[in-house]
Amino acid sequence: MHDDTRPNADLTPPAQRTLSGGVHVDRQHDSAVKHVTGRAEYADDIAEPIGTLHAYLGLSERAHAKLRSIDLEAVRNAPGVIDVLTADDIPGVNDVSPTGRDDEPVLATDTVQFWGQPIFAVIAETRDLARRAAHLAQIDYQDLPHVLEADAAREADMPYVTPPLTLQRGDASDAMKTAPHRIKGQMRVGGQDHMYLEGHIAFAIPGEDEDVILHSSTQHPTEAQHMVAHVLGIASNAVTVNVRRMGGGFGGKETQMNLFCAVAAVAAKRLNRPVKIRPDRDDDMSATGKRHDFVVDYEVGFDNEGKILAVTGDFAARCGFSSDLSGPVTDRALFHADNAYFYPNVLLNSHPMKTNTVSNTAFRGFGGPQGVIIAERIIEEIAYHRGRDSLDIRKLNFYSEGRDITPYHQTVEDNITAEIVADLEARSDYAKRRQAVLDWNAKGGVIRKGIALTPVKFGISFTATWYNQAGALVHVYSDGSIHLNHGGTEMGQGLNTKVAQVVADAFQADFETIKITKTTTEKVPNTSATAASSGTDLNGMAALDACEQIKARLVTFAAEKWSVAPDAVQFIPGAVQIGDDIIPFRDFIKAAYMARIHLSAAGFYKTPKIHWDRDKGTGRPFYYYAYGAAVSEVSIDTLTGEYIVDRADILHDVGRSLNPVIDRGQVEGAFIQGMGWLTTEELWWDDKGQLRTHAPSTYKIPLASDRPRIFNVELADWSENRENTIKRSKAVGEPPFMLGISVLEALSMAVASVDDYRTCPRLDAPATPERVLMAVERLQGEG
Amino acid sequence: MTTRSNIQFLLNGDPVTLDAIGAGDTLLDYLRLQKRLTGTKEGCAEGDCGACTVLVGRLDSGQLHYEAVNACIRFMASLDGCHIVTVEYLSGPEGRMHPVQQAMVDFHGSQCGFCTPGFVMSLYALWMETPEPTETQIETALQGNLCRCTGYEPIIRAAQSINTYGSPAQDALNTERAAVTAQLEKMVDGQRVELRTDDSFAILPADVDDLAAALLEHPDATMVAGATDVGLWVTKFLKTISPAIFLSHLNELRDIEQSDGMIRMGAGVSYSGSADTLCTAFPHLRDYWDRIAGWQIRNMGTVGGNVANGSPIGDTPPILIALGAQVILRKGDARRTLPVEAFFIDYGKQDLAPGEFVERIDIPLAQPGSLHAAYKISKRRDEDISSVAVGLNVTVQDGQITDARIAFGGMAATPKRAATVEAALIGQDWSEATIRAAAAELPKDFQPLTDWRASSDYRMRSAQNLLRRFWLENAATDTPVRLMRA
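For the record, the sequence lines run as chains A and B.
Under my numbering, the letters of the first sequence match residues 18 to 800, in that order.
Under my numbering, the letters of the second sequence match residues 849 to 1334, in that order.
Next comes chain A alone, as it looks inside the complex:
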């Protein structure tokens, strides 16, 4: 068959062509057509081989208890049950701690430490039978005291799950003493469930020898691979983990899938049959970690003008029963406790508290939002104290020339906070609208309004410095089609699309000629989690490196064959120009193949410049910062606490965007998710320690009707990353999440209006209608 019959072949003469899908252009998600037609394949959609079995977990129904006995007879005898696994059946190590602290058993042994902890797994012919059987266990618990909240854990002298961090600059104690004004406060910041629409799932297919292949919905295939090997007691090279796509991740599938991969793999190898495990939504939300809740005690010293002189903060986090990622999460909370503000003297301590709750984990922002929200609360405190517009206090305290050293001693070199805020302030007509809000509230009705502008500055890089590496594998086949593989995973963020655009641009080959393939540990080893907003930064660069290697060989080949200088070889849309000759790309590749040119390359990238000394609390943990700002306007009902977000205006910095429409989608989605975190998404545990909001019927994420009707989202098109990132773009996944904080502070202003803005309402998060009403009544009582 001739090449030209390929469906996507563009036969326009090369010189007249433009490239389809290069960089810095809008490009639809590569799977968009598959999404809307239902043909996109998720892990649960993969055709099951004959003999596939299904596993289900039996979960603890106590928050903290000794397991006196576990009677699994009824489970074993239930219809369709093939096998039951307990901790004793784990061939390797009964642990899936991602940081090697050995504190997270796959299946509980003699004690359970949270309600929902897996105790056993049942394997049956169907998922329904396994699920029914899992409820038949007779477990005799001896209750032990349990602690649920971070502050209660501190009072009860519960241990840290991981070493705490201190960040310190100047002399906060001294500066606080001499400050003209001091305010002390406490803020409770709730956690958040990821509520990815596709829940956890792992599907293990046993192979020969020790081999096992897993299809899973994990953000971190390499870690799943290593954990499965660890739990099976075999080498990593026997385990393959594949991820085509996830139905959402948001951090919830970074480490939390390890449990499911481990159980599926152990069962599959033990029974030599494929085994799939997919918990129902209730179990998914009960047994897997969430965003950390924090209780933060802060103090700020400031001058008459409102300029911050000193800040201290104690950040206690509900980490759950094990460390998981609580170390880096609580670290990042401290890294962002300054947000965009200069603290001349500062002392910040983290308290990663052990609690008898599910082990909390990564979630978009990774502790950063819980730090930023405290910085914003501190600003609000000062503004109410001084009777000023909080935006004035913000501006007064932005990092600036000479006031540019963070609490971790990194100099902020790329600061554009003031520019972003000034631009947004003008675009959103902030001053006029704020006056209108004040005028409205002055009328004193039931419905009050609030408006707030909050910025975000977010550090980009894994603070675990070694994570800042990536690999890619690019093949050019002899027909000119390109196979792209990299270590990142696609969870909806458009990573595959953006990396393919980089490859398209590198070869000047049409996007349609690039096949994006599933992420697999077989092609790129030792990858990092697709997390920390780093996916495109790292994998885009690694893919570019692979392309450049192949291109270098091609240029050498062309220069020799056509006897021209290497710089006379140019890749142009769909073709290669060699001197005056223009050769279609596929013909050129065919010629290269015939000349025995190596048309495959493994690319690699590691982020430069970064270093971090955790013991000293100093270094440059972040390669660069991403910036943004949002103005939110809200209305509240002071009779019921209900509210509406009327309008949001956002200006966000993604550097030179690789794909503006995809980046904009990230910004919009992150804002709404951040708004949900701070408004209706409430995790509620009962006295016994059972999470009672564990499904969408009880855990309320935003709906279409919750989004602001007026929603102006723009990218700061004038921004360019001053560091040499992939095409000077910036990471986008997490930073805009924190723009949702403007909603909380706008609600706060609406509440404050009931006592004429004399008091900072200290609205805790999430600001459910109940918390809003209670704050209103508190101020009315005081007023």
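Please note: incorrect hints may appear among the correct ones.
Subject to a maximum C-alpha distance of 25 Å in a straight line, what follows is the list of computed DSS-like cross-link-like pairs (lysine-lysine) [to be verified]:
#: 1; chain 1: B; residue 1: Lys1034; chain 2: B; residue 2: Lys1197
#: 2; chain 1: A; residue 1: Lys607; chain 2: A; residue 2: Lys623
#: 3; chain 1: A; residue 1: Lys568; chain 2: A; residue 2: Lys578
#: 4; chain 1: A; residue 1: Lys607; chain 2: A; residue 2: Lys568
#: 5; chain 1: B; residue 1: Lys883; chain 2: A; residue 2: Lys51
#: 6; chain 1: A; residue 1: Lys705; chain 2: B; residue 2: Lys1034
If you are wondering where the hints come from, they were derived from the structure by calculation, not from laboratory data.
Remember, predicted model here, so these are calculated numbers, not experimental data.
Chain B: place on chain A using the hints.
Showing chain B alone in chain A's frame:
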């Protein structure tokens, strides 16, 4: 009487006959596990996320009507004589995309894509019904669909533009309407259907008389109407519902008519099916009705079921009680009538004898001089269960309150009237002072509980404040007292 022992339906383009159907078998499992139609997703299995949205077409008085429903809690046994339409049906020859799909692609309405088929199906149903919807109509149609990635903005933009990609008149469900109707008419043969498996028995009665007879034969049977509650017994609590009697196919029970100052609503009328009649007669219910669950659930769930299951947090009982509605119960050929409030005895206990069922609800039209309101407070405005719900019906004549019916949900173990508050109102001047004094009596009527939806304190305070809102809304005031979307 002859009986049939299978169900017949159309799945996309294909007629299907199935006999080995368990009472609790769900449409979603059938699609995904048996037919490998994996475009329809399971997100929650409780009717709250919409990832499993499909269309179900059914005949009513010869008219074929399609509705968006949640496949996860839709039982197979309820699909006899129906046309099931999944996302796989939408793409045309050679994979040509449907207008809804093309709009979603062009406006970047998908990110992870997992919720997307469900959104496509809800928007498909909306476009068929309302080709050029308002933003409010779009939001209302999407209350039952969760997206965690996009923030919804691009989906709304897509929804606003679908009609520029094609007209519903050219859509297969319209061009093939006559043929599909003919096929379904052949399936609906008026026979009782009895479905048996080794461990399950389900009856689809031939008509309402047969329903009454079937329930006498099996007084322990689970009654399944919209399955929006019973569905969860199966998918979340793994309960066995056999023997089960299904009634959603009984068109007699889906009648709603208004005459002689009364609305008579069959027990099988869905929230959606009741909306026009009720909200025309009682305009104050318009907003409230759109806040009952999400669209798919409103299409499935019935007002009769909402009453029959006796939940203290059902949305309709406080409203029906305030309106003075009566419930008509039937056992065999015997009928009795109860005020709705008398039907609720205690938590989980209703005045319903074995073999008896809710056949109809009668709602008297408003009396002159009566002031009405229906309020609901929930953590999230839409598609949430109420923390507090209240129906108010206060008659004022010559500045005096002559009658008051005020019923709350979420405040006690059953939907219940605020008797002390009512007493404090009746005979008093219609004034702010009267309302304030009556609101102060509310703790005598209720001692609400604390749970994940709301604390006891919040329930009480907000309930009292809703009485104040009722006053403010009816008083001459120039400042708004209700939140309004821009």
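Numbers of unmet hints, in rising order: 1, 2 and 6
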